[in-house]
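Engineer: Got chain H; can you put chain Y on it based on the hints?
Protein sequence lines, in the order shown, are assigned to chains H and Y.
Heads up, the first sequence is in the numbering used here, so the first residue is 2 and it goes up one at a time.
Heads up, the second sequence is in the numbering used here, so the first residue is 168 and it goes up one at a time.
Keep in mind that the hints were calculated from the coordinates and are not lab data.
Quick caveat, the model's predicted, so the values are computed rather than measured.
A virtual CB, placed ideally from N, CA and C, is assigned to each residue, including glycine.
Mixed in with the good hints there might be a few duds.
Once the Cα atoms are required to be at most 27 Å apart in a straight line, the calculated DSSO-like pairs of lysine-lysine come out as [unchecked claim]:
1. Lys-180/H <-> Lys-122/H
2. Lys-79/H <-> Lys-139/H
3. Lys-122/H <-> Lys-175/Y
4. Lys-320/Y <-> Lys-15/H
5. Lys-79/H <-> Lys-616/Y
6. Lys-79/H <-> Lys-31/H
Interface residues of chain H toward chain Y, partial, derived using beta-carbon atoms under 7 Å [what the hints assert, rightly or not]:
7. Tyr-83
8. Glu-86
9. Phe-102
10. Ile-223
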Amino acid sequence: MHTTTLQTTNLTKKYGEQVALNNLNLSVNKGEIFCLLGQNGAGKTTTINLFLGFTNATSGEAKINNVTVQPNDVATKKFVAYIPEVVQLYGNLDGIENLDFFSRLAGFKYSKELLTGFLTKAGLQSEAHQKRLSAYSKGMRQKVGIAIALAKNADVILMDEPTSGLDPKATAEFTRICKELAAEGKTIFMATHDIFNAVNVGTRIGIMRQGELVHTLNTSDITANELQKLYLKTI
Amino acid sequence: MPNRLLIKQFLRSGIAIAGISLLLLSGIISLFIGKSYLEKQRDKIEATAVYQQQHIDRNVQYGHSEMGLLLYYLRFAYVNSINPLNGLSIGQRDVNLGIQQVTIRNLIEKKYDSDLNNPASMVMGNLDFSFVLIYLFPLLIITFTYNLLSEEKEEGTWRLINIQSNAAKKVLLQKWWIRSAFVTGTLLLLYLLAIPILSIPINASYLAMIAEGVLYILFWFIACAMVVGWQKNSATNAVSLLSIWLLLTIVAPAVINSLITTKYPVPEAMATVVANREGYHDKWDRPKEETMGRFYAHYPQFQQYRLPAEDFNWLWYYAMQQMGDDDAAEHSVAMRNKLLLREKLSNTVGYFIPTLHTQLQYSLLAQSGLKNQVQFLDSTTAFHEKKRLYFYPKIIKKLPVLQEDWRKHYAVEYFKSEPPVNWIKLLLPLLLIIILFTTINFIQFKNLK
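For reference, chain H alone in the conformation it holds in the complex:
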């Protein structure tokens, strides 16, 4: 029996006359990694923003753990963690301090050992833990972002272009971590342009075009080359 963690019903977002998202119907189960593909402006980030409660839907609804985001975004926040394209943290605090700060914000007070453990689990080398974030590469920041998500112990991790700009090794490491998290029962919802990584990391893939979800596929049913062809044909 699958537990639905993320669900949208006829979710629509309009900016004036511009339709950013049109009647999106989607459900993502616990432990799934759902990758949303699409060009810029296809509605991927809008979907994430609606789950985060950063913007209000024009019609329809988004649910997390069966709780409607709008108007309960205060309640649904505790279910989600968020990793943006570039994880922006405080440059003059080190990795542990940043993690401590954002964990405390979420209501968790961890010992230094536990904080170090989260960073290590996220793949950040121990030498970097006490260096200021201003000296971190993008990949290292992503790892702190993952550690923040781990520390929050959120059911859902929303990711917006998380591998954009990462080198292949960092991307591979990121993929490994995502799979581990999914195996632990976390639901990952990722917007990405990276077709090959989507096939590699995801359990399901959605392709969006002009605010509409055009295809939904199981990654076990398709190869990267087939997906690329379908994607190019679709957009």
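Structural biologist: Structure of chain Y alone, referenced to chain H:
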């Protein structure tokens, strides 16, 4: 809430330590400028006391056999007391005469003299503590707060804060508190240092200065929060806040000063001097009976002493001098009233302009403002009158100079004024503005996401 980490984050930004250090240094320099000013004034007063004794001895022993002639030359010093708080707010004290050397001749012409000043230092003004408080502290507050929220939004941390917590506003409030605490701490440290440096007694006036200073700082923090609440970008916030600073510290006081001097012009300043000089010069050519008639009208108690029939008599001479003051009295009173009207209007306008209000209150508490100067001049007039009334009978009776015990005139006399602190007038205007701005901030930040 993560106070400790926000403090670290603030202190590790290079600007925090540099800004606070610079402000602290400016504050300490201002205290030593105040100390130097106080020492200079005290030296002057000490020298005056020594000089007065020497001056009296020299004139009595080697000079003049007639009481009238001796008192033509003798000067008696009257000193506007130095309050240690002057060191914090020099105000008009370095421009106005703090030591009046009074003869029993006419007074009014001399009363409004000013000290000699270095024009260059007058252009630059004094870097006293009130300058540091009123001009420099707000600049640091602006530097610390203009991007309180916009920086988070521009750098992308605000989204993460919002996702992690429903208390994002509390993070903002904590950042505001941390900056407020450090700046207020710096201010309080300066007040603490001022006690030994300027030998300030801890009394109601000093506590009032501290309270006013803290409220002034709070006003700026709340004003900055209001601009932050507009949720514009960092550049817009910085320009807006610097414009407000310029308006409140430079433009508004200058415009108000100009309006007040236009509303209450003081042509009496010139008229008073002219009337005073002509008042007695003119009497050389007027019949003595006329002069004496007016003198007796002013001082009926001396009517019994009639003017002897001789070419020159000191009674007539001093009556003539007296007429100088009497002729200028109307202009002098008008000028005094105008000055007080200017002071009153400045205070009223100041209730709505925190910079002006704080400056005026500091001058009031330090006894370095216009009100103190007017009171000192009033008291100088009373001192002069007391001397006249003491010496007139001796001059008229032509008492021998050596019959007077001159030692009792050695001591310099002081004007001392310590009006009680009016806490309501002092603090209420700033408190009301702070409450108003806080309410606006509350509304602005209510729906912040």
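Engineer: Hint by hint, say whether it matches the structure.
Structural biologist: Hints versus structure:
no., hint, in the structure
1, Lys-180/H <-> Lys-122/H, "holds (13 Å)"
2, Lys-79/H <-> Lys-139/H, "holds (26 Å)"
3, Lys-122/H <-> Lys-175/Y, "holds (26 Å)"
4, Lys-320/Y <-> Lys-15/H, "holds (24 Å)"
5, Lys-79/H <-> Lys-616/Y, "holds (16 Å)"
6, Lys-79/H <-> Lys-31/H, "holds (16 Å)"
7, Tyr-83, "holds (5 Å)"
8, Glu-86, "violated (9 Å)"
9, Phe-102, "holds (4 Å)"
10, Ile-223, "violated (32 Å)"
The structure fails hints 8 and 10 (numbered hints given earlier, in ascending order).
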